[in-house]
Structures are given as C-alpha cells and as structure tokens.
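Using the sequences and the accompanying hints, generate a full structural model.
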Amino acid sequence: QQEGAPASADELIEAYRLCYKTNVPIAEFWQRTGLEPPWDDIETRMLQSYTVTLGAKDFLAAAQAHDIAVYSLTNDTAHWAQRRRQLHGIDEYFGGAVVSGALGVPKPQPAIYET
Numbered sequence: 002q003q004e005g006a007p008a009s010a011d012e013l014i015e016a017y018r019l020c021y022k023t024n025v026p027i028a029e030f031w032q033r034t035g036l037e038p039p040w041d042d043i044e045t046r047m048l049q050s051y052t053v054t055l056g057a058k059d060f061l062a063a064a065q066a067h068d069i070a071v072y073s074l075t076n077d078t079a080h081w082a083q084r085r086r087q088l089h090g091i092d093e094y095f096g097g098a099v100v101s102g103a104l105g106v107p108k109p110q111p112a113i114y115e116t
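Counting in this note's numbering, the sequence shown runs from 2 upward without gaps.
Fair warning: there could be bad hints in the mix.
Here are the computed lysine-lysine pairs in the DSSO-like style, where the Cα-Cα straight-line distance is at most 30 Å [said to hold, decoys possible]:
#1 K22 with K58
#2 K58 with K108
#3 K22 with K108
Hint data in this document are derived by calculation from the structure and do not stem from the laboratory.
Here it is, written out as structure tokens:
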C-alpha cells in the first residue's frame with residue numbers, strides 16, 4: 002500500500018498467503034495488488050526493507066567455517082525467499098532452503114519439517 006496499491010491490506014495479505022501456501026507464481030500476487038508492471042523496483046524496495054537479525058551473519062559464517070550445514074526454513078514465496086537472502090548477503094551461508102512456496106506446504110504442517 003505504501004507503493005500505491007489499490008488493493009486493501011486484507012486483499013494483499015490473502016494474495017501473499019496464496020503464493021506462499023500453494024506455489025502460485027509471484028506474478029499473480031503483483032496482479033492482485035492492482036499495481037501496474039514492471040514490479041521489479043517495488044519488489045526490490047520491499048525486500049530491502051527487511052533486516053538480518055543482529056549476529057546472524059556471524060553465526061552463519063562460524064557454522065560455515067566449521068563445516069556445519071545450515072538450512073533456511075521459511076513460509077515465503079520461493080522467489081522472494083531467494084531474492085531476500087541474496088539482497089542481504091546471506092544466501093552463500095546456507096546449505097539449502099526449504100521454502101513453503103516452493104513446496105506448497107506451509108509451516109506448521111509436518112511435511113515442511115520432514116522435507
């Protein structure tokens with residue numbers, strides 16, 4: 002909405018949940034916002050608004066230095082989860098990622114943890 006989306010907060014939340022729960026392409030989220038493409042700049046600003054928890058990079062670097070594989074587990078769209086890790090310089094520290102949007106299985110369903 003800060004970018005001028007005509008969709009309501011509830012509509013935006015529902016569009017996001019649809020993407021991270023069912024692996025709907027991220028383009029469908031953007032279409033539901035009512036914003037006109039291209040969406041790349043808006044998406045980048047949105048993803049850059051997140052912050053990495055203080056000390057997380059140090060922890061990840063230490064784990065990597067000791068050959069301890071750390072995986073990311075998130076309820077998110079596959080596209081945004083990867084872009085966010087890359088934008089914040091933490092993707093290189095993970096051995097992999099388990100993302101609800103890629104699996105179509107959100108937390109807290111057991112299948113995402115089993116994966």
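Against the structure, the hints:
1. K22 with K58: holds, 28 Å
2. K58 with K108: OK: K58 and K108 at ~24 Å, within 30 Å.
3. K22 with K108: holds, 9 Å
Against the hints set out earlier in the document, no violation occurs for any number.
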